[in-house]
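Trainee: With the hints as extra help, turn the sequences into a complete structure.
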Amino acid sequence: MPGIKEVAKQANILIATVSRVLSKPETVAKETIKKTALMTIS
18 MPGIKEVAKQ
28 ANILIATVSR
38 VLSKPETVAK
48 ETIKKTALMT
58 IS
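In the working numbering, the protein residues as written are 18 to 59.
Just so you know, the hints here were simulated from the structure itself, not pulled from any lab data. Wrong hints could be hidden among the right ones.
Stated by the list, open to error - Think about it this way: if two alpha-carbon atoms lie no more than 30 Å apart in a straight line, the pair counts; the simulated DSBU-like pairs of lysine-lysine are:
(1) K26 to K52
(2) K47 to K26
(3) K22 to K52
(4) K51 to K26
(5) K47 to K22
(6) K41 to K51
(7) K26 to K41
(8) K52 to K41
(9) K51 to K22
(10) K41 to K22
Predicted model, so just to flag it, every value in this text is computed and none were measured.
Mentor: Structural data, given as structure tokens:
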């Protein structure tokens, strides 16, 4: 499983955004959550 830094890089989003997806997903756009999820499982 890739780390937060790698997920952020692959999804072309900020590390802080990945952190928010994990800790407070209700504050993040659904599209961003989808991008993050795809990078986590690939």
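Trainee: Indicate, hint by hint, whether the structure satisfies it.
Mentor: Taking the hints in turn, this is what the structure says about them:
| no. | hint | result |
| --- | --- | --- |
| 1 | K26 to K52 | holds (11 Å) |
| 2 | K47 to K26 | holds (18 Å) |
| 3 | K22 to K52 | holds (14 Å) |
| 4 | K51 to K26 | holds (15 Å) |
| 5 | K47 to K22 | holds (20 Å) |
| 6 | K41 to K51 | holds (14 Å) |
| 7 | K26 to K41 | holds (20 Å) |
| 8 | K52 to K41 | holds (16 Å) |
| 9 | K51 to K22 | holds (17 Å) |
| 10 | K41 to K22 | holds (18 Å) |
The structure agrees with every numbered hint stated previously.
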